[in-house]
Amino acid sequence: MSDVGLHQVTFQRAGRTVLDVASLRFPSRTMTAVLGPNGAGKTTLLRLVAGLERPASGHITIGGEPLRRDGPPRTALALSDAVFVRGTVRRNLDLGLALRDVPPPEREIRVRDAAEECGITDLLDRPARQLSSGEAQRVNLARALALRPEVILLDEPLAAVDRLTRRALLDDLPRLLRAAGATVILVTHDREEAFRLGERIVVLVGGQVRAEGARRDLLMEPPDADTAGLLGFVLLEDADGPVAVAPGELRAGPGAGGPHVGFTLQVTDVLDLGRQRLVTGTIGGRSVELTLPEKAP
Amino acid sequence: MSDVGLHQVTFQRAGRTVLDVASLRFPSRTMTAVLGPNGAGKTTLLRLVAGLERPASGHITIGGEPLRRDGPPRTALALSDAVFVRGTVRRNLDLGLALRDVPPPEREIRVRDAAEECGITDLLDRPARQLSSGEAQRVNLARALALRPEVILLDEPLAAVDRLTRRALLDDLPRLLRAAGATVILVTHDREEAFRLGERIVVLVGGQVRAEGARRDLLMEPPDADTAGLLGFVLLEDADGPVAVAPGELRAGPGAGGPHVGFTLQVTDVLDLGRQRLVTGTIGGRSVELTLPEKAP
Amino acid sequence: ASSTDERTELILATTTSAYESGLLDTLIDQFRALTGIDVKPIAVGSGAALMMAQRGDADATLTHDPTAEARYVAAGHLVEGRRLMHNDFVLVGPAADPAGVASNTDAVEAMRRVATLGPFVSRGDGSGTESRELLLWQEAGVPVDSVKSRVETGQGMSATLYVANDQQAYTLVDRATWLTLRNRVDLVPLLEDGARLRNDYSVHLVNPELHPGTRVVPARRFLEFMVSPAAQQVIAEFGRERLGGQLFIPDALGE
Amino acid sequence: MHWVNDLTTALGEAWHLLLSGDAEVWAIILRTLAISLCATALAMVVGVPLGYGLARGRFPGRTLVLGMVNTAMGMPPVVVGLVVWLFFTRSGPFGGSGLLYTPQAMVLAQFLIATPLVIGFSAASIQSLPPALPDLLTSLGAGPWRRLWLLSREARLGLLAAVMAGFGAVISEVGASMTVGGNLRGSTRVLTTAIVTVTGRGEMATAIAYGLILLALAFTVTLILTFVQQRRDA
Amino acid sequence: MHWVNDLTTALGEAWHLLLSGDAEVWAIILRTLAISLCATALAMVVGVPLGYGLARGRFPGRTLVLGMVNTAMGMPPVVVGLVVWLFFTRSGPFGGSGLLYTPQAMVLAQFLIATPLVIGFSAASIQSLPPALPDLLTSLGAGPWRRLWLLSREARLGLLAAVMAGFGAVISEVGASMTVGGNLRGSTRVLTTAIVTVTGRGEMATAIAYGLILLALAFTVTLILTFVQQRRDA
Ligand SMILES: Nc1ncnc2c1ncn2[C@@H]1O[C@H](COP(=O)(O)OP(=O)(O)OP(=O)(O)O)[C@@H](O)[C@H]1O
Ligand SMILES: Nc1ncnc2c1ncn2[C@@H]1O[C@H](COP(=O)(O)OP(=O)(O)OP(=O)(O)O)[C@@H](O)[C@H]1O
Ligand SMILES: [Mg+2]
Ligand SMILES: [Mg+2]
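In the order they appear, the protein sequences are chains A, B, C, D and E.
Residues 9 to 305 in my numbering are what the first sequence spells out, letter by letter.
Residues 9 to 305 in my numbering are what the second sequence spells out, letter by letter.
Residues 937 to 1191 in my numbering are what the third sequence spells out, letter by letter.
Residues 948 to 1181 in my numbering are what the fourth sequence spells out, letter by letter.
Residues 948 to 1181 in my numbering are what the fifth sequence spells out, letter by letter.
Worth flagging that the hints you see were computed from the coordinates, not collected in a lab.
Ideal Cβ positions, reconstructed from N, Cα and C, are used throughout, including at glycine.
A hint or two may mislead.
Here chain C is said to cover these stretches of chain D; the calculated rule only asks that three of the stretch's residues, wherever they fall, bring their Cβ under 8 Å from a Cβ of chain C [as the list claims (entries may be wrong)]:
#1 1002–1009
#2 1082–1093
#3 1126–1132
Some chain E residues judged to face chain A by a derived CB distance under 10 Å, without partners named [said to hold, decoys possible]:
#4 Pro1078
#5 Leu1080
#6 Leu1083
#7 Leu1084
#8 Leu1097
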């Protein structure tokens, strides 16, 4: 058991309270995606769980036990901007394992595997401080994966990764992480990432938990506008109150299925995407976009 | 006129040729999106145009004239990982204007405007080195916009920005940039960004230009697999050779319109997204994903 | 600039013992008041002082090493020598006086005893004091390196005296320094031998023939002043009441 | 016990010396400051740009130069003093200048001592800035000179430390000042050489008093440094 | 022209001194190295951890301590020597120890001179590391001691510079060594004090020769530094 719990945790930065969580639990062996606007306190949350910061009040538990600064580390953290020690990518991947007293032969294997999974095998002998941003981020991710910790904390792990690698990782990561049986806390701004990797979703706004629950429930009924927005819904003003329209559910003319609601669209721009056209415009002041299939008017 | 031209430009890093462009032109007052896998040389390209690196061979022109290191700067650059001078966000936004001898009163206005556009008005008096990653990236973008240069170079400007801000920026940026009449070179991994901000698209792979042209043309006929992949196409093996299927065009059962091609799908996973379900699987070994509307089987 | 310097200043290479006592400062002030000439006293061991003369780096010298002075005069580097003043060296040591030199009146005999027991602290800085010490060893027929636990400080008189005090050793010290510092050390004067331990200070002019750079005019005036009754009086009086003893006995009063 | 008197009376002595308005003491203090500050200022003017060049430049033989600078940083003042002496003594190449035993000569010697320190440490402090900073300034439109100026502002703490190191070295140095200045009362006697003199006269309390004054000077300059340190994140 | 002889003969003299196998010269060289290296080593053992604490710690009065360290960095060797002397002289509190005028006393004095330098500059070099590095090491699982070790490795250039500064200061320092060591021939005479002595004897060439030897020592140590610098990105 290695579920992560926050109890009455608050944290200040430069005098401002940037995190204030009454109670939050990340279930064991589950992948939870944390969504939230910039400055919501997501990274701060990860840093607290990783033990890099001490909460101003309250306490954090892993597997029921309070977080301890001494004793063997139980978490691995990949922050959004990667930092490396001097030396090669290999040394950077190896260091954490060495620090956790993993025997050398096993270290080698783990480094190789992690490198393969993240597609950085051919970077292993390059100086880690001379990588492109995406390469760096992949090394950063690999370094965390290689540690195979109970709890793995990922901060926008794929933000700078190219589409091809990204798709591959999105396919493999869930398998890998489940196999490792780790409790995963993933901070992301990307809908797809959140959906593919987040069995549960936590929405953080202004340092407070705005919504929390299984992915499905949140997507069925976003509790509020912010959440809906962060999940990619489009908010429209209907006769009877606001309606959250799921992405892609907006269609022109007689759409296929779904409860029909009519709106009038002020078209502001039409982008020709070849086989499709991307129409952007505003409905009741809110900007929306929808794609028209080829032969539509 | 301030079109950017590269002529026989090559560039080495640590002995490896990381950029080798025979001839490439970014038309004046046009927004060009540069796509490419990690390590393709995108950032290097921007650094060369910004005059931060000298090409090993060949030369670079802006508005026909060769790039000069002395004389008034004509470009503004926002790199993916933001660096700040000591002091407040305001000072960071102001510095570049001061260096370009913009009169103080105007400087104030420009700083205010740029801050507003990027939604960082309330950060102006915060120490710039104490920002969250997304806040930092927005300040970084604002700093470049405030300079109103002939050529603006953006490296993954929205990677860490949250969805709400991102959508707002995607709506406003095109207008702003067109208004400024700047030549824009935008490096991105995000399809939406590329489509919304890239009138033209350049695909860079392994330091070489793989494809180049108007958005529409490339999307109609991706010249090769890499390009298609980077543009978000799904490649499927048809009886008569590979077919690139545009994102969203993949539908289950009798889809609406479009040339019908039949495939058999090995479903690997079905994610319940509430109103929709996201089906991931493989067709002929290639992993694909498609969304099923509510009442579909 | 240098042409004006010619008339307004001169460099005096002087032995430390005369300098540290503060006597020179007093005399130099009076000389300046009298003539407006600025004297720059460079305090070094007598050896270095004479060396500076040989190099023509000074205009005049104040030293207390008759034998060495004679050599340089013979070599023509120094001219117009005048005996300025004298005092004497004192053989000081621990009150216990293990070597039992106090019972002696003859410096040579005393040194012979010290040689057998030690410890003895020597200047070892090529000063007049050292060369006198060496002379005494020679007269005593004692090879220097056979002296029991003899150490060299290579420093000025005061530093050497401090070392001797710390090691409770014997050492040879000039009267001026002794009177100046005796209150700071636990050593006692053990032997005074007016004859053998006489300490003569002389002034010389650097030979302008060999060293054209020499500022003859001001230098000569300084030498004349030093042997003038006024200066000699100052020398006689210097430090009397402050230190309760005469530091220097003028030698040029008679002339 | 002499030392008790020494240490206790020293403080009183120090005050006495200062308050008595003893012309000579004040002259010595001001002279010390004037000479060392002057030397440090020159070292700064020469050393900071050179340090910047060493830190950012990529010219052949850079490592060699760095090595030489490091060596020069450990150059004994005694030797510096000796060499300067040899050059300016009357029988030396510049004997005619009559500069020996003047404050100017001391400034020169102290300058030679301080400069390598300033070069070395300002190079270090420039190198310790965020590596991407110079590129940022360039892309913002800063020319080489403004870049130097802005980087110096960013590294001001390190540079101040560098200058401090130089100042601390020369104001507390005795070997060169003694040889080159001659410790002439009223013209080239500074605090350190004065300490040597009064020690020679056995006036320990005075010696310590001078030492305390010296420390006081160093401390005031340090206060400035600390003050700037306060405004670190400003 | 004497100075020509001086400078030219000095080199020959230096070689002569070294090759002649003149026991005393070699003794002085080895003694100098032994004392200064010993003092520097101690200063390193004490100074580096303290510097680390100053750089990373956030305790009340930190600025004050920093200020004190900065001041101590500018502490004149003459004063340090004088104070040590007063404590160990016969009439002093530790008069009985009989340590005065021994190499041990010199090591102590040089240690007092070097430590603040080592503290100050190692603090600076630790602070100049990427700010996020310590957190990275923590999150990788490094305890406080391994973190200190790893950060030291990352900052090894700066730390080496710090140690160099300390070594350079003490090996080229004369004031304290002279007062505390007494420059006793055969037991406490080191290169710098020897230079003073031979200068006093007017043997300029020998003085410069000693000076050159001193520089040679400094340079060899610098070579080590430069060698490490080569492996910067290793
Ligand atoms: N400082 C450096 N030293 C050596 N090689 C470097 C350095 N920076 C980048 N490279 C290499 O140059 C190539 C191009 O780097 P560049 O940053 O231009 O890639 P990119 O297209 O921006 O990739 P990304 O999408 O990850 O940002 C890469 O192979 C990278 O490893
Ligand atoms: N070093 C710091 N000093 C002071 N305030 C800080 C510091 N780092 C972050 N903050 C503030 O703390 C709040 C939370 O920061 P945090 O990095 O957790 O946000 P975030 O959710 O990660 O945002 P983003 O999505 O942009 O990464 C923000 O308001 C930010 O401005
Ligand atoms: Mg963050
Ligand atoms: Mg890049």
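Here is how each hint holds up against the structure:
1. As drawn, the stretch 1002–1009 of chain D meets chain C at 0 residues by the rule of a beta-carbon pair under 8 Å; below three, the given contact is violated.
2. Counting residues of the stretch 1082–1093 of chain D whose CB lies closer than 8 Å to any CB of chain C gives 0, so the stated coverage by that chain is violated, three being the minimum.
3. Interface restraint, the stretch 1126–1132 of chain D with chain C: holds (4 residues with C-beta to C-beta distance below 8 Å; minimum three).
4. About 9 Å separates the beta-carbon of Pro1078 (chain E) from the nearest beta-carbon of chain A, less than 10 Å, and the hint is met.
5. Restraint check, Leu1080 (chain E) versus chain A: the minimum CB separation of about 6 Å is within 10 Å; hint holds.
6. A cut of 10 Å between beta carbons decides the hint on Leu1083 (chain E): the least distance to chain A is about 5 Å, and the hint holds.
7. Because the beta carbon of Leu1084 (chain E) sits about 8 Å from the nearest beta carbon in chain A, less than 10 Å, this interface hint is met.
8. For Leu1097 (chain E), the shortest C-beta to C-beta distance to chain A is roughly 7 Å, which falls under 10 Å, so the interface hint holds.
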